[in-house]
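Those protein sequence lines, which keep their order, are chains A and B. If you number the first sequence the way our numbering does, the last residue is 750 and the count never jumps. If you number the second sequence the way our numbering does, the last residue is 1214 and the count never jumps.
None of these hints come from the bench; they were simulated from the model. Backbone N, C-alpha and C fix where the C-beta goes; we use that ideal spot for every residue, glycine too. One thing to keep in mind: the hints can contain errors.
Covered by chain A, per the in silico footprint, the following chain B stretches (three or more residues, Cβ under 8 Å) [what the hints assert, rightly or not]:
1) 1024-1030
2) 1067-1077
3) 1093-1102
4) 1108-1118
5) 1125-1133
6) 1195-1209
For the chain A half of the interface with chain B, some residues (derived, Cβ under 10 Å), not all of them [claimed, not checked]:
7) Asp74
8) Ala183
9) Gly236
10) Pro237
11) Gln240
12) Glu417
13) Leu532
14) Arg641
15) Ser689
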Amino acid sequence: MRADDLSARTPPPAGAAAVAVRGLTWRPAGRREPVLREIDLTLVEGERALLVGPSGSGKSTLLRALAGLLLTVDSGDLSGSVTVDGREPGRRPGAVGLVLQEPGSGTVAATVGRDVAFGLENVGLPADAMPARVDAALTAVGLDHLERDTPTGALSGGQTQRLALAGALALRPSLLLLDEPTAMLDEASAATVRDAVVHGAAGLTTVIVEHRIEPWLDHAERLVVLGRDGRIQHDGPPAQVLAQHGDELAADGIWVPGVPTPQPLDIDLGPLARPVEAGVELLTCEPLRVERRRNHLDGSSEVATVLVTDVPLAVTSGRSTALVGPSGGGKSTWLAAIAGLIPPSSGRVVGADGREVGELPATDVAPLLGWVPQWSSSALLSRTVLDEVLLTGRTLGAADEGRARHLLEVLGLAHLERADPQTLSGGEQRRLAVAAALAHGPSAVLADEPTVGQDRGTWAAVTGLLLSHRARGGAVVTATHDPDLVPLVDEVRHVRTPPSEPQRSTPRAVLSACGPLSLFAAAAVPMLAAVLSPGWRVSLVVLAVIALGALVGLSNRPGSGAGWTVAGRWRGLAIRLLPGLVGGLSVGWSTWLLGSHDVETALSAALRLLVIVAPSAITLAFIDPDDLADHLGQRLRLPARPVVALGAALQRVQSFGAAWTEVGWARHLRGQGVTWREPRSVIGYLWASTFGMLLRSLGSAATLAVAMDARGFASGGRRTWAEPAPWRLADTLVVLASLVTVLVVAIARL
Amino acid sequence: MSTTTTPAAERARTVLATGQLMGWRTVDLLTIAFLGVAFGVAYWGYGLLYNGPISALGLAFQPLFGLFVGFWFIAGVVGGLVVRRPGAALACELIAAIVSALFGNQWGVTTVVSGLAQGLGAELAFAIFAYKAFGPAVAVLAGALSAPLEWVYEAYAYFADWTWAWKLAYLPLMVVSGIVIAGVGGWLLTRALAQAGALNPFPPGQEVLERKAV
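With the rest of the complex left out, here is chain A:
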């Protein structure tokens, strides 16, 4: 049905590609041994192949080689050849489409329509030809019901992956590469992504890397198996390969359909830090309601309910609980609330002694709770793998190095003991986070998706750790979408996504009608008035003019809602003005002290500074970062690629802040408290949070670079812009208004 729909609305794809790989060998910088060796692979037009192999066998690397993007972010020795239809991949921008594992890691724009159009901008398609291509791509992946201006941040994980697929399809690729597209999704969302690939991208030559291949088997003609040595081990029709080599592959850790789930390992974890009998209620989580407030720069905010639970949850010693539900449905939020990291707007989480978890100091939380967050990398705080496992124990004064080594051994990390945790692969980091959460014997462990990206062997180790923790009397709460983990727990809780309520939209301010450039200009023009002002009396008049401007600019836009609900805006302005007032005070005082000890001169200096900074406090908050790149590129004609890169970075400001927060959480739960009484703890906190934020931003920049290059960003041609950056009447008016300050000074000087 959807396939028919597609053929009715889009021209057929530019044609499926034939792929030929000959003698491909790749040794990344820093490795003695190649990751890929002598790869020979031929795919005929329209063939759909599954690529599997144990973790670390170079599957993702091979995909990047097929896309011609191996040298985008990596360096090393590359030999052999890859051709797509007889030419180098990437000769035609977008000819090879790529979808990455982590939902949102390749998102470029703030809205759905704009994100799909990104590749079309890169190839220089005229803006009026874009909507049809965007609509067709969204229809192909089953997202045509979304408004084009839906914020990309509001999509679920499955929708975000389908959006990435639409972004690739808009460029009419002839080869499609999917790097574990459903690994982070629950089964229902994963099915929608598979459906979009099978129907929306029908007929394209496709290579799919996936840990769990069973659901794909009916849709693939080939199964290619990469070995640990970086060579192709087996290649053939899936049924045949699995029939002949199934047992061997399963032994190698690959999730072979039909082979029973491995037995979780029995692991000696040692005793709990605070031994407890089974069946004791360690924590009680009352029915909760959690809201997330998103503050905008201009002082307005939106509140969304992200979690509602209607039955209490008891975290009980010797018991395990799984929180299940759709991706993005609140499982992680619930875990964070149980850990006392996110304060609920109603309901409490209390310990056995009646104290709220959120109020416990770090050194009391650490023996109570072990924490495995979804972003394991931000929870890793040490510089070597062994130190990481020992960190919490050392803080609490009970580290056992022998046991830590044993844990690393079991998890297959022993050879990495001296490595920096940040250099580990995603799957390895997740295992390390589990070991680090359990090593000091906390009473309860809270684990967010602990089994993602594990092969059969490491899966048995991770689940073994959790079950052994339960066996020693500990409690386990895990958020998971792993269908093999769920049957192992004592209790399953379904998390339902709270019904989306209409957002409490506040009326918009007059200034929000202006574009970023005019707001910048309006903030900058009064600088001239400040410098030319003959003295404090004139500066005072200028400040009065600025205040009048604020009065008009911060009032509600005509027709944008009733009432004068501007108190929040003025409060925001007051907060933004405060630093300027402090600055004015210090400039005035220092001018008196270090200048001529003349009060009038000092007053003039102080007011001059206020004239300089007050307009910024009023106008800059109304700049929409999403518009900035469009206006800089189209109105100021700045070079397009740097400007688009800046826009993509500004999209992610919120996630940088989140990384900062998560490092703080991880430190808190591992006993690293912060108090102003100990300046060292504050410096340690600032360093760790800044470092964690930089790590996260560098990581997302590298991933996004691959995603953007796959959509033709590096191609040298002229870019077009999907949406205009208009200069409106409001822009002219705000600049004219700011010129009044200069006029006042000019009249005074006459």
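Given chain A, put chain B in place with the hints provided.
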């Protein structure tokens, strides 16, 4: 596609940017933008501290402020050390300044002027060595050179009415702060990021990789 060997594979002591010096790759552009935004967030956070305890110090004796300005130079130094292309230091510092101004800080739109003045200074240090040297000495020079242009701007805009003796005394304080916080601090930060594997697409990361090849 025949055999390609990127410069990382040659065991040079200092790894330079791949390809043409001005040939910014996508990952270069994105990394400068992302680092700039991240430092902008950090600048904004530091601004809160600056407005509190450090301002109290400044109120007592303004030139002491000079000892703390080095933090505002760090984005330029780190951007230049990481990407090693012309313009990297300037762009990184400028973006950080713009972002901290958008978040709302003490200086508003004038932060952009400061970002430009500081970024140009750091850029100059890397240009003097023709973008071929990136050791601690160059980092320290970049931190030090971030100060003079900013000093000119501040002497004109903020403390025009100080006596010249005090204005002149302020400059060395800024330079020392730039050397210690931005130069040494920025170099240590870059090294720590490289050792954590976060700079693998860039010369500092490749230097670490080749040193401990496994």
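Against the structure, the hints come out as follows:
no., hint, verdict
1, 1024-1030, "holds (count 6)"
2, 1067-1077, "violated (count 0)"
3, 1093-1102, "holds (count 4)"
4, 1108-1118, "holds (count 3)"
5, 1125-1133, "violated (count 0)"
6, 1195-1209, "holds (count 10)"
7, Asp74, "7 Å, holds"
8, Ala183, "22 Å, violated"
9, Gly236, "27 Å, violated"
10, Pro237, "29 Å, violated"
11, Gln240, "31 Å, violated"
12, Glu417, "13 Å, violated"
13, Leu532, "13 Å, violated"
14, Arg641, "6 Å, holds"
15, Ser689, "9 Å, holds"
Hint compliance for this structure: hints 2, 5, 8, 9, 10, 11, 12, 13 are broken, all remaining hints hold.
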